[in-house]
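Spelled out, the chains give:
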Amino acid sequence: MAVQKLSKDKVAEALGELCKFRLIAPAKSDDVVVFKRIDDPAEAYLEYGNSTIPPKKFAFPQTETLFRFIKGSPELTEANVEEEGTTVIFGLRPCDARAMAIVDKLFAWDYDDPYYLKRRELTTLVGMACIEPPSVNCFCTSLGGSPFGTEGLDILLTDMGDYYLVQAFTDKGKKLEKTLSSQLEDGSAGDEKKAKEMALASEGKIRRSIDTDGVPEKLPDLWDNELWQKVSAACLGCGICTFLCPTCHCFDIQDEVEEGEGRRCRMWDSCMFSEYTVHASGHNPRPTRKERTRNRVNHKYSYYPGRFDVIACVGCGRCINLCPVNIDILDILEQVVDA
Amino acid sequence: MAEKNEDFEPNIVAFLCNWCSYAGADLAGTSRIQYPSNVRVIRVMCSGRVNPLFVMNALQQGADGVLISGCHPGDCHYMQGNYYARRRFNLMRNFLEYLGVEPARVRMSWVSASEGAKWKEVIEEVTNGVKEVGPMDQFKRRQLNW
Amino acid sequence: MVDVNKLRETAKEVISREDVRELIGYRPGTYGFRARPAFVMGPDEAGELIFTPACVNNLASYIVLEEKLPVKRGEEPDLRKVAVMVKGCDSRALVQQMEEKAYERDRILVLGIPCTGVVDMAKVEARFPNILELGEIALEGDRFVLSFNGTKEEVAKEELLADKCKRCRYPTPLVYDELLDSEVERFADDDYSDVEEMEKRAAEDKWAYWEEKFSRCIRCYSCRNVCPMCYCEDCVLDRLQPQWMRRSVDISENTAYHISRAYHLAGRCIQCGECQRVCPVDIPLMELNRKFYKDVEELYDYEPGTNVENPPLLSTFKVEDREDFIM
Chain U
200 MAVQKLSKDK
210 VAEALGELCK
220 FRLIAPAKSD
230 DVVVFKRIDD
240 PAEAYLEYGN
250 STIPPKKFAF
260 PQTETLFRFI
270 KGSPELTEAN
280 VEEEGTTVIF
290 GLRPCDARAM
300 AIVDKLFAWD
310 YDDPYYLKRR
320 ELTTLVGMAC
330 IEPPSVNCFC
340 TSLGGSPFGT
350 EGLDILLTDM
360 GDYYLVQAFT
370 DKGKKLEKTL
380 SSQLEDGSAG
390 DEKKAKEMAL
400 ASEGKIRRSI
410 DTDGVPEKLP
420 DLWDNELWQK
430 VSAACLGCGI
440 CTFLCPTCHC
450 FDIQDEVEEG
460 EGRRCRMWDS
470 CMFSEYTVHA
480 SGHNPRPTRK
490 ERTRNRVNHK
500 YSYYPGRFDV
510 IACVGCGRCI
520 NLCPVNIDIL
530 DILEQVVDA
Chain V
500 MAEKNEDFEP
510 NIVAFLCNWC
520 SYAGADLAGT
530 SRIQYPSNVR
540 VIRVMCSGRV
550 NPLFVMNALQ
560 QGADGVLISG
570 CHPGDCHYMQ
580 GNYYARRRFN
590 LMRNFLEYLG
600 VEPARVRMSW
610 VSASEGAKWK
620 EVIEEVTNGV
630 KEVGPMDQFK
640 RRQLNW
Chain A
162 MVDVNKLRET
172 AKEVISREDV
182 RELIGYRPGT
192 YGFRARPAFV
202 MGPDEAGELI
212 FTPACVNNLA
222 SYIVLEEKLP
232 VKRGEEPDLR
242 KVAVMVKGCD
252 SRALVQQMEE
262 KAYERDRILV
272 LGIPCTGVVD
282 MAKVEARFPN
292 ILELGEIALE
302 GDRFVLSFNG
312 TKEEVAKEEL
322 LADKCKRCRY
332 PTPLVYDELL
342 DSEVERFADD
352 DYSDVEEMEK
362 RAAEDKWAYW
372 EEKFSRCIRC
382 YSCRNVCPMC
392 YCEDCVLDRL
402 QPQWMRRSVD
412 ISENTAYHIS
422 RAYHLAGRCI
432 QCGECQRVCP
442 VDIPLMELNR
452 KFYKDVEELY
462 DYEPGTNVEN
472 PPLLSTFKVE
482 DREDFIM
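In the order they appear, the protein sequences are chains U, V and A.
Residues in the first sequence are numbered consecutively from 200, following this note's numbering.
Residues in the second sequence are numbered consecutively from 500, following this note's numbering.
Residues in the third sequence are numbered consecutively from 162, following this note's numbering.
Quick caveat, the hints were computed from the structure, so don't treat them as lab data.
Among the hints, erroneous ones may be present.
Below are the DSS-like pairs computed for lysine-lysine, each with C-alpha atoms no more than 25 Å apart in a straight line [said to hold, decoys possible]: (1) A:229 x U:489; (2) U:235 x V:630; (3) U:373 x U:235; (4) A:173 x U:429; (5) A:367 x V:630; (6) U:429 x A:233; (7) U:209 x U:373; (8) U:374 x U:235; (9) A:284 x U:404; (10) U:489 x A:242; (11) U:373 x U:404; (12) U:207 x U:392; (13) A:229 x U:429; (14) U:317 x U:219; (15) A:229 x V:639; (16) A:173 x U:227; (17) U:219 x U:393; (18) U:404 x U:392; (19) A:313 x U:227; (20) U:373 x U:304; (21) A:361 x U:429; (22) A:313 x U:489; (23) U:207 x U:377; (24) U:404 x A:361; (25) U:317 x U:377; (26) V:639 x U:256; (27) V:639 x U:270; (28) U:404 x U:374; (29) U:371 x U:209; (30) U:304 x U:317; (31) V:630 x A:229; (32) A:242 x U:235.
Some chain A residues near chain V, calculated using beta-carbon distances under 10 Å [to be verified]: (33) 200; (34) 301; (35) 367; (36) 375; (37) 411; (38) 417; (39) 453; (40) 474.
Quick caveat, the model's predicted, so the values are computed rather than measured.
For each residue, glycine too, the CB sits at the ideal point set by N, CA and C.
Just chain U, same shape as in the assembly (with noise of 0.2 Å):
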């Protein structure tokens, strides 16, 4: 099948068409760029950098009901995650949709997650290559990815200045191209070679790098290394590392109730929290941040590939812009490449 492309003209009418499900892009509040439900073109926002808050959240909420129970009724009513429809989440980076891949290897290992992976088969991913790398802390190419990386995708939309090159790699991805074969025009071979071209390009533009080799399987030996302490002694404990990474995956369940109605919920926790490792009988093996700043950086880049063969990091960069107290997991990093 011949690449497409989207005339910039035609983004409103294609994005208008694509309203009939649940669409999901990138919009702005205050400086704030969110992704979320888009119900009329004219929100979306489609020349920002990256997201503050990754659209994880669309496949993985940060707070979602399991079932709902009665007070005296043996009944449960299960969520059914069917109802939210077919979603489009319309303009992710790479990084993002990369991190996705990786996180569906967890929720489909030892127990198929049916809410998680049921969101994810109704999920189409339209991504939206980097022509430029959006922020300086980006590393995606030390972990595998690329700025015009299509790993999770299913959909490319590459920005080649008065249209968006598009191309689809899965069925989900074509099908969504049909839905849209009134905006979309033919495009040309030149195209595909431009966007190669383009892309080599702001792969030279990403600026931060860490040598991964031989990290997960060095990580253990260092358990009892002083870095632990000297990377974590500025940690306040916040949840911002993990709650805006978008290959962090933790949650807590519980049980809400209202009036003799409720809820069993889940949602979001954070390993930096020191709530999340408390014992009900007061005793908490992770006692410090130290300890759970090790946590942190061993799930990501020695538990993980230890099981899935794959770090759990994307080098999206979030947790360096926004860390309160400049903790670089790139400092960290090159200093277990040193230790």
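Position chains V and A relative to chain U; hints supplied.
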């Protein structure tokens, strides 16, 4: 925001101190004074025991208005509990107003054990005030997504 | 401007003292103009310390943030002092902490930095985006001079200055053992115009404004954790029994969270602005804190963090306190 509804009967949660206001409300009852039945009383030992988070939580759980009532200044059974309460709720009330919660929803009164008639007036004023501003819909726990 | 050599020498001296365990200061960050907290444990580490207008963090938080492990049998607790570098605003956090008897004055050693204002890093990075190589910011007169990549740029102070500094009443630390530079005259004052503007709005407008802000909150608790005044060992927000705030993230719980956070700082917030600085989704938290700050000043003539002898505002009262709102 709030729909003006003639039939709207607000839920008002009242935190009454054991020694004055609760006894005052009791006196209103034994004296057969009629007052609006919108108020739900929670007895506490002292107005100083009322945590400002109670107010917030009541509004979250479905109260349209909250009343805190204690002894007149100088009459507190524990000498000074109501003075502390006075500071706390002045700040809380102003703050909620700043967020867009109408001040009519958070009220405070001094009602002594002998003021059954005043209790009636207070409840009438609070109820009418809350009726005026309508149902609390700013941050009630909505069962959206449930 | 603080002379960096003097700063390092003083630090070296302080950390060499037998009764000082560690020194908390600033060092260059990992990229661009950032600076980050430094934890100096020995004299040889003092050489990396800096103070520039990029040193935005309030280090007073770390005094109360320390998670102490139980002392092992046969060991003695380490009772040596913690030395800390503080700007004017940060010093007020120390005053307020001591006012609340969080610790004794002799537990800390304060290196005061008379401060002429720090930058708002968001403004700096918006103006000079994508700077990876370490840059430096200095204040020269009424201009910030930014050096990076071998070039120098000058920007009017007003344009990059943090908002809190434009309202700063106490540029010189209120508590210190050693002052690292000569005292700075007060160069700004607070007229609460932003708070007053919000107060004048209609209830519907106010709620629409806050509803939009609160609905963005992701409850990462960075505003709580960074706050030098939030140091309860058992935070009401973490409690499960009773559970004041549910963990679910929706407008009701988020509002409850923000009411509780702000209310717990009533009469305690010292206007260091850290909460707003760290918020990843730009919720204007200082507008909440400043409402209390204004009310507390107007109603009770009280300014938090200015005098260790003051009793904490809400654990005291005056018989003649205002009660015109009471029926």
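Can you name, in rising order, the numbers of the hints this structure does not satisfy?
2, 11, 15, 16, 17, 19, 21, 22, 24, 28, 31, 32, 33 and 34
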